[in-house]
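Respectively, the protein sequence lines represent chains Y, C and E. Just add 18 to the spot in the first sequence (first one is 1) and you have the working numbering. Just add 18 to the spot in the second sequence (first one is 1) and you have the working numbering. Just add 18 to the spot in the third sequence (first one is 1) and you have the working numbering.
Incorrect hints may have been included.
Chain copies aren't distinguished; within one or between two, either way the pair holds.
Stated by the list, open to error - Distance condition first, Cα-Cα at most 25 Å in a straight line; then the derived SDA-like pairs of lysine to any residue:
| id | residue 1 | residue 2 |
| --- | --- | --- |
| 1 | K230 | M139 |
| 2 | K230 | P151 |
| 3 | K43 | S358 |
| 4 | K190 | A169 |
| 5 | K327 | Q173 |
| 6 | K43 | Y54 |
| 7 | K24 | E143 |
| 8 | K190 | G275 |
| 9 | K43 | D203 |
| 10 | K43 | R360 |
| 11 | K327 | M384 |
| 12 | K88 | S126 |
| 13 | K24 | D146 |
| 14 | K43 | A308 |
| 15 | K24 | F145 |
| 16 | K327 | S126 |
| 17 | K43 | G263 |
Derived by calculation from the structure, the hints in this document are not laboratory data.
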Amino acid sequence: MLAFQKAAAPAGAQTLAQSFYTCAKVFAREAEQIFYQQWLCVGRSEQIPQGGDYLLAQVLAESILLVRDKSGRARAFFNLCRHRGTRLCTEVQGHFPQAIACPYHAWSYGLDGSLLAARHMREVEGFDVADYPLHACALVEWEGFLWVNLAGDPQPFAAAFAPLLERFTPWKMTDLRLGHRIDYDVRANWKLLFQNYAECYHCSLIHPQLVKHSPDQSGCNDLWEGPFLGGYMDINPGGSLTVTGQTTRSALPGVQGENRERVYYYSLFPNVLLSLHPDYVMVHQLWPEAVDRTRVVCSWFFDPMAMAKPDFDPLDAVEFWDLTNRQDWHVCELTQQGVSSRAYTPGPYAHQEGLLAAFDREYLRMLGL
Amino acid sequence: MLAFQKAAAPAGAQTLAQSFYTCAKVFAREAEQIFYQQWLCVGRSEQIPQGGDYLLAQVLAESILLVRDKSGRARAFFNLCRHRGTRLCTEVQGHFPQAIACPYHAWSYGLDGSLLAARHMREVEGFDVADYPLHACALVEWEGFLWVNLAGDPQPFAAAFAPLLERFTPWKMTDLRLGHRIDYDVRANWKLLFQNYAECYHCSLIHPQLVKHSPDQSGCNDLWEGPFLGGYMDINPGGSLTVTGQTTRSALPGVQGENRERVYYYSLFPNVLLSLHPDYVMVHQLWPEAVDRTRVVCSWFFDPMAMAKPDFDPLDAVEFWDLTNRQDWHVCELTQQGVSSRAYTPGPYAHQEGLLAAFDREYLRMLGL
Amino acid sequence: MLAFQKAAAPAGAQTLAQSFYTCAKVFAREAEQIFYQQWLCVGRSEQIPQGGDYLLAQVLAESILLVRDKSGRARAFFNLCRHRGTRLCTEVQGHFPQAIACPYHAWSYGLDGSLLAARHMREVEGFDVADYPLHACALVEWEGFLWVNLAGDPQPFAAAFAPLLERFTPWKMTDLRLGHRIDYDVRANWKLLFQNYAECYHCSLIHPQLVKHSPDQSGCNDLWEGPFLGGYMDINPGGSLTVTGQTTRSALPGVQGENRERVYYYSLFPNVLLSLHPDYVMVHQLWPEAVDRTRVVCSWFFDPMAMAKPDFDPLDAVEFWDLTNRQDWHVCELTQQGVSSRAYTPGPYAHQEGLLAAFDREYLRMLGL
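Hey, can you work out the whole structure from these sequences and the hints?
Right under this line is the structure:
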């Protein structure tokens, strides 16, 4: 049974200090202590359905090779050879028939990362193929998504994601399929995008189309502390978050009752925004590229039964959110500009910004501050 | 009564050491100790004639909002909201009917910078609009120009500009109006542009057109120490500094006697070059963008009576100086390249380079060196 | 009498640590301790045949002016004036009729670098033209190439190049002339290019065209320790390293016997790869531009007698090596990407990579490590 509350910001809560949005050293520390330590969403299981299928994921500065082995297990490797360090693979997606061969000297690895063959290396005293498997990193499949963790000794996924593990069952996300994807290059710090997602105080001003179909004062939060934050807002009865506010799509098979008139918004620290609609699911992956720049990958997922219909068209949902996304990125970029001023001082949070204060607390905790 | 002299460089005077032209740390220190401390010319009063009119000025990394309030007083604010730090305004010039509203959550400020309204903030314990006016900075109008000072406790303008306050009265610059503007992107340190302006030792070689109309050995200085440096040079009798050396424009109303055959050149540390001609005034604003890059805004001002004539054409003056400007920027860029060499060592100043030695002394004094 | 051996890598030899390929501080140290200390090939004597002819060379951040004086001696100067530091010359190649004049104030230098005239400087107390010659650097002509050394007190060329001085006599390189030149912009550390050149372990995989005409297991090294490394490989009898494997060109006049079926490959630390073919010579100059970027100038030289023939066409050799070059740059770029990963660890060298281990040793010695 979920608890709901409005989760107001505590008295005196203020925005973060300037350096968290502008300092390259803070950004480097975030990479080390957050992005290279936490579980990150990097793609979908259905992108590598068969043994030998692979996918490249760019995780900050790292190229990660996601491969399904012959037993059906998905694995993740740092994309470089153990011999001279050469990048193994440059195609974003593809299939390895048997093995992964380095393009420089043909050292050859199995789909489980083991070194199978290294030409002429038998002559080298003390050389043993067992000492040179690909550098692996942790990978988990959950709700149809691929999650990697680049830490040397990562926290188990089940422990890290415990509050979420069964929470999204009604949407059966494993069964959904990609309907559309848009990538955005946003000139703002990644935290400003999280903060923007965590409040609807701005909605009536910035998103006139959104508030027409989903009242900006509606809803409640059911997660208001820790790495996962969010709750629901109402959708007008019988409506949908699309350009017209209507849809011909049915609700997803498992979505029943009040969930048919709600949209659930969750931020999953540090790289996912998860938006669960009655008839589709939208996911933002956030990828920091610099202290003042973030790449956003926005994907829309639908029921394959709906997608199989001849009149299926995802664009009513895509265009609605593409407009809303761009409205948000614009104010995030304006905020990046302003917080970079020597005159910037932390400002006071409104009650509606309670989740921002919670996000900031979790963020500072992750940095050990 | 002005004193005049040739102001030769002292024996042994040498160019500045390399780091002043190439080191990013020196550049950061200049920003803090010079550009964020001194009075800077950022525009003209007539750009914001009415209450509510505004103008954006870019002062190094800072966006400054220049607004005329309803009482007619011009004011300057850092361009960011006190709530989340969002940039308030992005249009370079415009009009606020009543108030300045933040585009993110609609916090609203008066033209005097006071916070008028902040939605939902009354609910927040301890919140008082009086605590959150826009961050202001000092602004003065003088000779028709807008001057800002971003320091926390700026030196009063009248004290800083005491040697100049009544000096330019004959040109009645408040009455003049903009005839033309050209922006330049120069790949050289800002000090090389000041130094270039401060001597005519290079004129016979670089500016054959200029020396035809204004003898390069003529003239004298009347300011040769401190932040303001310069003096006059002769213009050929009956002539003007134009493409043809002639003009149909009359001298400016207040310019009489010998001033009708002189051009006065003054450098106003740290961002203005002021060139007073009998029939027009030219102003260079210098904006350092990096240790090796400077944006220059060059403006030509004329008597509005002359501008009202059907045959008024500023281009004879504009094209003459545009050519001369480009000749100067080219050698400044060559000098930036050379002083960046590991082989560069300070070189000796000629007598004609006395004002450069004075500029360097003032500059080092400003840095506390 | 030369000694030959296969020069296998010692047991346990490994690739360099990551920072040598990715760290900007290491790159700055390499500039200071290697490139600004060692003899570097910057061009050909025939580019400045006559007194007064000049050529600009870009040596990392430095512009160097190479001039032949009236006595026929080639000289090298840092390309800046001793007065205000202005770049003297921007044309890549040209001729000074008498003197080198600064474009800013016309200070004028002789072809030997002495200051001949400095306008108005006689008036300056204590000024003596003898104190302000151009900053010179060491220059030597050897085998038709121009070699500069920017160190304050350079090791004599004859001592530094002792192992090579008479080694290449048969190819009479002084007599050869440029047939073609291609510049490449390679996104890889300069050492990866040296290492790539030093082994043919990759040849069968990367260069199918090359190994068809020159067996990849053939040959032996005759220099396997120190700054100069290399040896020969076989060319198929009667063949040549061209697109077709054949040529109508005769062997170079001095190339006799077994040298007519060999290609000699030498790396000359730190900026030359020298490839001596029976019928032509190919030279790569390597110019580090950043820790992960190198400019390569590849030149092909031929016998002027052959070049004078009406059917002379260098493109069979040029296109063969242009293809091979691009194959190499590609894997060097892939290796730069991989060694930049946080997962990179040094890998084991194969026996065929003995010269790489020797190169790494010499490199570390140069850095005092």
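Consistency of the hints with the structure:
1. K230 x M139: between (68 Å within a copy, 24 Å between copies)
2. K230 x P151: neither (56 Å within a copy, 33 Å between copies)
3. K43 x S358: For K43 and S358, both the intra-copy (15 Å) and inter-copy (19 Å) Cα distances are at most 25 Å.
4. K190 x A169: For K190 and A169, neither the intra-copy (29 Å) nor the inter-copy (59 Å) Cα distance is at most 25 Å.
5. K327 x Q173: neither (42 Å within a copy, 74 Å between copies)
6. K43 x Y54: both (15 Å within a copy, 24 Å between copies)
7. K24 x E143: Between copies only: 17 Å across, 67 Å inside.
8. K190 x G275: Intra 16 Å, inter 78 Å, cutoff 25 Å: intra-copy only.
9. K43 x D203: This pair counts as within: shortest intra-copy Cα distance 22 Å, inter-copy 30 Å.
10. K43 x R360: So K43 and R360 pass the 25 Å test inside a copy (18 Å) and across (17 Å) alike.
11. K327 x M384: neither (46 Å within a copy, 70 Å between copies)
12. K88 x S126: within (16 Å within a copy, 62 Å between copies)
13. K24 x D146: between (60 Å within a copy, 23 Å between copies)
14. K43 x A308: Result: close both inside a copy and across copies, 11 Å intra and 21 Å inter.
15. K24 x F145: between (62 Å within a copy, 20 Å between copies)
16. K327 x S126: Neither. Shortest intra-copy (44 Å) and inter-copy (50 Å) distances fail the 25 Å Cα cut-off.
17. K43 x G263: So K43 and G263 fail the 25 Å test inside a copy (45 Å) and across (55 Å) alike.
Taken one by one, the earlier hints fail for this structure at numbers 2, 4, 5, 11, 16 and 17, listed in ascending order.
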